[in-house]
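Here the protein sequences line up with chains W and L, keeping their order. Heads up, the first sequence is in my numbering, so the first residue is 303 and it goes up one at a time. Heads up, the second sequence is in my numbering, so the first residue is 303 and it goes up one at a time.
Read the hints as simulated data drawn from the structure, not as lab findings. Where a beta carbon is used, it is the ideal one built from N, C-alpha and C, also for glycine. The reader is advised that the hints may include incorrect statements.
Claimed, not checked - Partial chain W-side listing against chain L, Cβ under 7 Å, derived:
| no. | residue |
| --- | --- |
| 1 | 553 |
| 2 | 566 |
| 3 | 576 |
2 protein chains.
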Amino acid sequence: MGRGGGAAHRDAGGGGGGRGRDAPPRHGTTAPLGPPAVGRFFLAGPPDVHPGVLAAMQRPMIGDRSKAMEQLLAGIEPQLGRLFRTARPVLVGTASATGFMELAVRNGVRGRALSLVNGAFSERFAKLVRACGKECVRLDVPLGCAVEPDMLRDALRRTPVDAVTLVHSETSTGVLPDVQALGAVVREFDDVLLLVDAVTSLAGSPVETERWQLDFVFTGSQQSLALPPGLALGVSSDRMLERARTLPARGLYFGLVRFLDAMTKHQPPNTPALSLFFPLEPQLPPIQPSPGIQTPR
Amino acid sequence: MGRGGGAAHRDAGGGGGGRGRDAPPRHGTTAPLGPPAVGRFFLAGPPDVHPGVLAAMQRPMIGDRSKAMEQLLAGIEPQLGRLFRTARPVLVGTASATGFMELAVRNGVRGRALSLVNGAFSERFAKLVRACGKECVRLDVPLGCAVEPDMLRDALRRTPVDAVTLVHSETSTGVLPDVQALGAVVREFDDVLLLVDAVTSLAGSPVETERWQLDFVFTGSQQSLALPPGLALGVSSDRMLERARTLPARGLYFGLVRFLDAMTKHQPPNTPALSLFFPLEPQLPPIQPSPGIQTPR
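With the hints as constraints, model all of the structure from the sequences given.
The structure is reproduced here in structure tokens:
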């Protein structure tokens with residue numbers, strides 16, 4: 303089981319008033335000593351974004367239900383699939399990753415979830431289960447540790463739940479559990495879905511959506527994809543989709559059935575943040591061929 | 303009662319593959335005849351965005367919990383207040399306006415809402431009530447018409463509800479009802495909240511949040527604000543906030559209590575779409591002084 307595997311940063315709070323190069327001084331704040339070059343922005347919060355990516359946002363608007371929009375979504379589909387290691391459609395939504403964490407809970411948890419908690423972001427996942435009016439049973443381990451497969455099996459035997467929430471890379475400590483082994487344990491139990499926050503692992507560390515049989519896995523644009531924040535990306539299994547159909551209060555904005563139906567037709571389910579979609583086209587190809595992602599471990 | 307009052311377009315579907323000037327040809331689509339100049343993008347979907355606004359998105363990332371972010375939110379607060387005609391904080395979220403429509407329902411409807419339906423977007427509001435697991439009683443009027451205050455009073459006497467949903471400018475027909483008069487009727491009943499979609503009215507037509515006693519009113523960035531899509535903006539009353547505190551399944555991403563608490567401190571509740579926040583600074587001031595917005599009718 304991996305411990306302390308490094309991964310990208312995220313919105314864990316803290317300072318981070320740093321700026322990229324050529325940033326104009328703003329509002330009379332003291333300029334930092336020697337602004338970092340592109341790619342050297344290692345504070346908590348959004349990464350430094352390459353000027354080429356920022357330039358791609360300059361593209362004028364297109365109709366959000368136009369042929370051009372469909373072509374954009376169709377064009378990035380295979381690259382997103384390679385990134386998530388799946389042949390299923392990758393949902394791209396206008397939201398922070400916490401939005402897709404809520405999507406996971408609203409569409410994936412029927413009544414009671416087991417939340418594996420070992421830091422700030424897995425804590426948030428547990429909190430979100432309760433905030434959506436569902437019951438949350440916690441399996442806590444100390445900071446710096448990860449839940450072992452045997453512990454998970456014991457907990458699932460002890461307490462019937464219909465879903466497990468798990469943070470792949472727990473950013474607050476850097477712990478990277480063995481999701482493949484944990485997923486195999488979940489599969490020993492009937493009708494239990496595995497919901498995985500891969501916000502700071504995906505594209506920085508192997509995430510095998512289909513091979514590990516993850517039911518919902520999601521990330522945000524501002525982590526290892528090195529894009530500006532504002533987009534959430536995720537993939538659901540067929541089991542998850544079937545579960546969603548049975549949940550009457552799943553809502554509309556993060557309603558999985560409607561979302562997947564639209565994106566299968568290469569249409570956004572709501573007016574998308576177009577300017578954030580444009581840089582996906584130039585940014586995804588350089589990320590795809592990375593051996594670190596392509597090689598199953 | 304106003305009928306047929308014009309307002310901006312929104313994501314009502316339809317074509318709209320148009321591009322602003324200097325747009326590079328994309329994916330082999332046929333170039334439109336004579337690309338429109340800025341401000342002449344009258345198709346359904348996002349408006350043409352001024353090059354200066356697009357340029358503002360080029361600003362390098364800042365920490366989303368940094369002092370710079372707080373200063374940005376504090377700086378735009380008075381302008382947003384003038385736009386919504388309120389002294390209360392204006393929530394700005396990373397979502398399409400449909401996201402804030404869901405916020406309205408999840409935080410504002412306890413068990414049963416009356417939905418005034420006269421077109422595609424008021425239909426969506428009614429659908430959203432049901433999608434969130436709440437009961438929806440509809441008051442339908444023909445396309446091209448608006449609900450009259452007397453009709454609303456009769457409906458509220460007949461059927462006890464705890465909220466009313468209403469689209470100010472029903473984009474699909476152009477109907478602009480008298481929200482002030484309808485709001486006064488709602489106030490005749492105890493404990494009924496008025497939830498108002500002002501997506502294509504706000505900043506294009508007078509919207510008096512406080513004077514009309516609207517409990518939640520929201521819009522999107524890509525309508526009369528002429529910004530790229532991706533941000534939702536809204537204001538809640540104290541009554542709405544009190545209601546939200548009592549609703550256990552309101553969620554986290556669109557949870558009003560947490561959202562308002564963060565924004566009162568000029569902090570975003572989640573990692574925000576920074577690149578879409580940057581243009582608010584240059585774009586809001588030119589919109590503010592418009593007599594059409596400042597003059598109460």
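Open item on the list: Using the nearest Cβ pair, does residue 553 of chain W come within less than 7 Å of chain L?
Closed with: holds, 5 Å
Task: Cut-off 7 Å, beta-carbon criterion: hint that residue 566 of chain W touches chain L - done: violated, 17 Å
- [ ] Verify the interface restraint on residue 576 of chain W: the C-beta must sit less than 7 Å from at least one C-beta of chain L.
- [x] Residue 576 of chain W check passes; min Cβ-Cβ to chain L is 6 Å, inside 7 Å.
Hint 2 from the list above is the single one not met by this structure.
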